[in-house]
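Asks: Now for the letters of each chain:
2 protein chains.
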Amino acid sequence: MTSPASRLGALRAELARQGVDGFLLPRSDEFLGEYVPPAAERLAWLTGFTGSAGLALVLPETAVLFVDGRYTDQAAAETDPALWQRRHIIEQPPADAIRAEAAGLRLGYDPWVHTEASLEKLSAAGAELVPLATNPVDAVWRDRPPPPAAPAAPHPLRFAGLSPAAKREAAAKILQEAGEVAAVLADPHSVAWLLNIRGADLPHTPLVLARALLRDDGGVELFLDAGRADEALRAHLGNGVALRPPDAFGAALDALSGARVRLDADVTPAWIARRLRTAGAEPAFGEDPCRLPRACKNPVEQDGARAAHRRDAVALIRFLAWFVEAAPRGTETEISAAARLRALRAEGDLFVAESFPAISGAGEHGAVVHYRATPATDRPIRPDEAYLIDSGAQYRDGTTDVTRTLWTGPGAPPAEIAARYTAVLRGHVALATVRFPEGVAGPHLDALARRPLWDDGLDYDHGTGHGIGSFLSVHEGPAGISRTAKAIALRPGMILSDEPGFYRTGAYGIRIENLLMVRPAEERPGSTRRFLRFETLTMAPYERRLILVDKLTPAERGWIDAYHARVAAEIGPLLPRNDTFWLKEACAPL
Amino acid sequence: MTSPASRLGALRAELARQGVDGFLLPRSDEFLGEYVPPAAERLAWLTGFTGSAGLALVLPETAVLFVDGRYTDQAAAETDPALWQRRHIIEQPPADAIRAEAAGLRLGYDPWVHTEASLEKLSAAGAELVPLATNPVDAVWRDRPPPPAAPAAPHPLRFAGLSPAAKREAAAKILQEAGEVAAVLADPHSVAWLLNIRGADLPHTPLVLARALLRDDGGVELFLDAGRADEALRAHLGNGVALRPPDAFGAALDALSGARVRLDADVTPAWIARRLRTAGAEPAFGEDPCRLPRACKNPVEQDGARAAHRRDAVALIRFLAWFVEAAPRGTETEISAAARLRALRAEGDLFVAESFPAISGAGEHGAVVHYRATPATDRPIRPDEAYLIDSGAQYRDGTTDVTRTLWTGPGAPPAEIAARYTAVLRGHVALATVRFPEGVAGPHLDALARRPLWDDGLDYDHGTGHGIGSFLSVHEGPAGISRTAKAIALRPGMILSDEPGFYRTGAYGIRIENLLMVRPAEERPGSTRRFLRFETLTMAPYERRLILVDKLTPAERGWIDAYHARVAAEIGPLLPRNDTFWLKEACAPL
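As you go down the protein sequences, you meet chains U and Y in turn. Just so we're aligned: 570 in this note's numbering is position 570 of the first sequence, and the numbers increase by one with no gaps anywhere. Just so we're aligned: 337 in this note's numbering is position 337 of the second sequence, and the numbers increase by one with no gaps anywhere.
Heads up, a few of these hints could be off.
Straight line, CA to CA, 25 Å or less: simulated PhoX-like cross-link-like pairs of lysine-lysine [unchecked claim]:
1) Y:486 <-> U:486
2) U:121 <-> Y:584
3) U:121 <-> U:486
4) U:486 <-> Y:121
5) Y:121 <-> Y:173
6) U:173 <-> Y:486
7) U:584 <-> U:551
8) Y:551 <-> U:551
Keep in mind that the hints were calculated from the coordinates and are not lab data.
Next comes chain U alone, as it looks inside the complex (with noise of 0.2 Å):
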């Protein structure tokens, strides 16, 4: 192992050989995605710190890591404070850092892992940006993981739903209408979505980091290790689909020449843009032609996501179930809790992996909203606290991702929690039962769930819901619910979460979160255009504890009788029979 110290000699001996006075190093790697593999966590290798989003700058004689609001502890614990300064990101951004320690210098950058519109950000800040051709880290990263190599496999068509040949059909079909000859899916979920392949090289998100180029034509070329595709994968991807080494991208960029080709600039690497313009084509900036189709589960998919969440619930209520004996005896801890739940979700048919690390918090924890259990902060669970529980899986028939907060017992809870979690239920209530017209986006619902907290003066840092994939990323846009999400109109098939909350910092947190699906509505006497609704896909009861009854209208408290009486009649049955008592009761009307 080196020392923090010695990798950042090492970098700077390197960047000195390559030209430069200085670095700019953000977290994503190639893909721009919100994971990485292990080979591409060069931020977490040469500062220390883990979390999911960071950049650092290297000068010559400073080095400044900017983390956000979520990570700014995390961030104090995991790095040398003799080697980094640690700066909020926000509140002290690295365009007013180079402004003011580095003007003049040339600060050397990876095109591979920054967008243009975020270089942007960074360029008008008086340092000079140059392009390296080689990622430096790499360079001194003596003992860096190998790149994924496992083998891509196909996604039955009994769980897309679709057949690659007619996605390609229909994605072709946007780039003629529009004009353009090919479009860059730099995004590793298009491609999975539009070949309908899958891999392991991401432990949470069954993704295969590869990118493709789609013309006009529906014709596809992956780029790809041929070892990473077998027969039974070239059978699938046919005719359509040519298999390309990874290192022939730039050179089917330069065959682009003279072409209109579609580029998404949230999701593109600078480097791929320069070289289409040096190659003499005209990038079209617009919408990856794969994200909203992606976003629009089909049928199969459709019923895929109501399977895939049958048995979740299972696993979740028998965790539940557990839970309430286990919880007042004290002998539990965060970690054992959500290995528990993890072990419950392996014995469910078509399980892959968790959809992302649970979130098990409990008192305090609970009020750290990204917080991760680890062996030095793991706790006991205690009696008489607020339990936080997030957390989800890959089923190859859909993804899933359910939060409840419980209450341990054997104690009631005090007043203040069993008020904000009822605030909290009552703004979930609203945005599941809320019906909309055609039109309506995910930006215009979010008052909807903050509203019962805002009353009180409350409100919650986070948004109230991210789009989930069919056994792709358990983020996924381009919809959102909150206020910053792009006013994207909902559509039918587009899955949702819906996970307001309340945070007591160094108290207790709270959130309860549902997936939920969009569908046509039925039609009401009199209407003149189209309605959608919800259809609510994720089944656990709430916590009966923490419900103060009589803070619920007429109309909460019948959605909430119906919602358990669903509940125990879909997934009572399939429950081993121990359990069944239990949901009985938690499903009780209130």
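Using the hints provided, position chain Y relative to the given structure of chain U.
Replies: Chain Y only, in chain U's frame:
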């Protein structure tokens, strides 16, 4: 009077003289506002169409008038089908017509009456767009009315609250911080606000149609005919404001050569941006520096709004008390009722004019959102129907805008109308009562007002709320409460309307509108951030005969009763004794 055919013929001859094949004529004038003076009613003169938005495309053989959905019927009634094709501006957009019918032609336009963005939409359509030095309509419009020439007058400090010097200093600071040397104030609303001047150039908005240049030292050049500025106005403007003839504006732009000059693309004619570029200035597109400060009324303007609304309430309640007696007799018409309300308003102190032509619609006319009764459409208000009256006034201390929907009686209303009225009222109350954290914008609150209708599969086809000026325009940006409004965070002092509705074509219309003012909310225990709430400015009873009390939640009923009690307490003492009896009944608890 010339005939529509001869006007079109004369225009075509003039186009030939100016060397173009066709012409694009929007309804807007050189100030791009919602209302235009008679001298700028070019579209009405040419086509006969008098609506507030539209675009004419004149080609050698054909001529097309494009209007939006509000105006399709009116355009058909007002124009000659032998001369004018009528098209829906969204469904059959002008760019399509240019592509299909004007490819390769030279199409003239007046660069003063388009923004650059609006031209860009038209220019990709395959014709050659040719800016003309003079508007060809003006050359052939023989009896064109003279341009506005009434004197401009000071808007006294007791209404404006801030001196022009203080406003100029604050606006200049915005330019300094942005590194801009000057800003073009192309919007007369900004000129009026910044310099505390008002005029009579338009019937409903007390504007002086003038533009100005603001310097980063706070100095202003106001481009206004010297004959419109008397001694008192010159004294009011003071040393920091130089009066220049309007035709010196181009030269003033030329003098900005080399300077960074702010332009608001939304409100600036293309002519201005181009002249600046030609002069070698650097246009910096950004928000008009007066726009947000103007929207956030200062404490004096806030008190003015309250006082204006009290006087407006007196007039409206006197009208309502009279209407309840008059309506069942069937002797009044839409026009006579609106005239009575106007006359009652005119008795109030500081009354200047209606803030827009009142919308007075009985029965099926109530379903026409922008209905305007004319001698041709006027009809009696009959017993037992719904009647909608949307009206407002310009007082020197504030602008009002209020809608009430009434049941004429003497019979009871049909269940359907009462159900719809109750749903609209519930949405109206939901918006009026929301508390929300700083940062929330209008588009995030729109759904609150619609949800009771959405629950029944119903909706309305207009925004829920628009901004209102302080003795300025009844429609004022930048904030609005609708899905299509910009996401501008609401700020204390903004005044917005709350006007959900429901319309059944051919049958009846319902709209309920109050004005709301944003203000800081009282702190709640445990709250960790600043919240805002609305203060309701408008005071007039709702139509209790249309309220289904058992459809209200206890909170809704409580709010309506408290509102009615406030109206009775605050306005009762200001009424003639005869009207107090009706008000007491109208404001009794439900």
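Asks: Out of the numbered hints, which ones does the structure contradict?
Replies: 2, 5, 6
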